[in-house]
Amino acid sequence: MSQLLPYLGVSLLLLVVSALWARQLFLTRKTRIELIVPQKREPTSGSTASHGDLGERIFDLVDWDFVSRNVPSEIQQMFLRERTILAISWLRRTRTRVSLLMRAHVAAVGQIADLHLATELKLALNYLVVLTLCNLLIAWIWARGPMRTRKMVGQTLRTVAWLRGAFEQLMARVSAET
Amino acid sequence: MEIATEAFILVRSINAKLYSKYLAFYIYLTVVFLIDLLRLSVLTLRPSVYAPFYWYTEFLHACFGYAVILEIYKNALNKSSGVARIARTFLWGVLTAVILKVTWNAVSGPVWSPGTTSAELERDLRTVQAILLAGIIALLAYYVVATGRNLKGIIFGYSAYIYACVVSLAFGSLPGYGLRPGWRLVQPIAYLAALLIWSYTLWSYSPNPATETESKIERDYKLIAEKTRRALARARSFLKLGGEL
Numbered sequence: 001m002s003q004l005l006p007y008l009g010v011s012l013l014l015l016v017v018s019a020l021w022a023r024q025l026f027l028t029r030k031t032r033i034e035l036i037v038p039q040k041r042e043p044t045s046g047s048t049a050s051h052g053d054l055g056e057r058i059f060d061l062v063d064w065d066f067v068s069r070n071v072p073s074e075i076q077q078m079f080l081r082e083r084t085i086l087a088i089s090w091l092r093r094t095r096t097r098v099s100l101l102m103r104a105h106v107a108a109v110g111q112i113a114d115l116h117l118a119t120e121l122k123l124a125l126n127y128l129v130v131l132t133l134c135n136l137l138i139a140w141i142w143a144r145g146p147m148r149t150r151k152m153v154g155q156t157l158r159t160v161a162w163l164r165g166a167f168e169q170l171m172a173r174v175s176a177e178t
Numbered sequence: 001m002e003i004a005t006e007a008f009i010l011v012r013s014i015n016a017k018l019y020s021k022y023l024a025f026y027i028y029l030t031v032v033f034l035i036d037l038l039r040l041s042v043l044t045l046r047p048s049v050y051a052p053f054y055w056y057t058e059f060l061h062a063c064f065g066y067a068v069i070l071e072i073y074k075n076a077l078n079k080s081s082g083v084a085r086i087a088r089t090f091l092w093g094v095l096t097a098v099i100l101k102v103t104w105n106a107v108s109g110p111v112w113s114p115g116t117t118s119a120e121l122e123r124d125l126r127t128v129q130a131i132l133l134a135g136i137i138a139l140l141a142y143y144v145v146a147t148g149r150n151l152k153g154i155i156f157g158y159s160a161y162i163y164a165c166v167v168s169l170a171f172g173s174l175p176g177y178g179l180r181p182g183w184r185l186v187q188p189i190a191y192l193a194a195l196l197i198w199s200y201t202l203w204s205y206s207p208n209p210a211t212e213t214e215s216k217i218e219r220d221y222k223l224i225a226e227k228t229r230r231a232l233a234r235a236r237s238f239l240k241l242g243g244e245l
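Chains D and W, in that order, give the protein sequences.
Just so you know, the numbering used here puts 47 at position 47 of the first sequence, and the rest follows in order with no gaps.
Just so you know, the numbering used here puts 133 at position 133 of the second sequence, and the rest follows in order with no gaps.
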């Protein structure tokens, strides 16, 4: 019976890949809306708490300076708790954004001729690393708070920065060829 | 039933001027149609030689199946030269691995044998096709390559058939399973299902849609890249905050 395993494995692989592709084809319309709608919405947003402002508020040093100087320790703790929740929220948004960036990348690089397998594999691997780090960070911040995660945040940011640089280089090649 | 459906698809391909658009695929279908006609003749006129004739022609059927893979590869990736290059690397890699394995078996085995039975040989041929198909589909999904209805039909129909072939031939080659009538029915039913899918999706010419315009992709890409850059700048401030605490 064990001699069947390679054949069943290959057929299962074909089945899974086909199912994923079918799902992607089914969701194509939805993906397009996700990519295009936010850029149309942003300029019309009249809310004072737009996404950009929210990000600036989360990571602004002025808040902590004020809280650490002027308020009692209970309020400081409350501030840190809220900062934890906001940091997790930001990480989730970063994860979504990196996923969108990766999707835009793979859609764009289909047009370029000198696509390098090694670069593509490296990108895919780093993308997985970023996703894993984001998930680990979320779990870590949830367990230990946002102030003890500097090393891991640094690693995530370095990987994200590398990814962004690689995407930009590839995009420059796309622009040059089209 | 199979012969009638094959004839219907072939006639429709000529009427809808599809034959030349997917030449390799229709050559495969024509060969299978002729094989089926020959089998029917042999079964009617010389039933005693039908069994060996079936297995010889089944081998031919499996070999011509590579034409469908070629058609999928050619049509799906003709506008994505970079992805096509990766696909070529993958296809050659798989073929090299298969050749190396066959050579290794020949050298290490006591007796040279390309396959102990025709069914096992067909099973191996179909398994290689399944690997190639899975690779191409993975690339299509990963790079979001736009495909038309015709190509989707060819891919899904052939994938379903290959999947059924590999599973049924793998189980069929086990001692005791091969004689069970259930396994013999899987392949013809799957092939009929594939033919029905092809009848529907290859009714008229539906080329692969043009990919999103470069400007739209670039616009989306730059928008997301800019947002990520801003988020990183804010995150660096966050690191400083952590350092000060």
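Worth flagging that the hints you see were computed from the coordinates, not collected in a lab.
A few of these clues could be false.
So, partial list: chain W residues that the calculated Cβ filter (under 10 Å) puts toward chain D [claimed, not checked]:
1. 7
2. 9
3. 80
4. 83
5. 86
6. 156
7. 207
Here are the computed distance ranges between Cβ atoms for each label pair [unchecked claim]:
8. 89/W <-> 5/D: 25 to 31 Å
9. 94/W <-> 24/D: 21 to 27 Å
10. 34/W <-> 128/D: 44 to 50 Å
Predicted model only: the values in this text are computed from it and were never measured.
For glycine and all other residues, C-beta sits at the position ideal for the given N, C-alpha and C.
*Which numbered hints does this structure break?*
Violated hints (numbers, rising): 1, 2, 7; every other hint is consistent with the structure.
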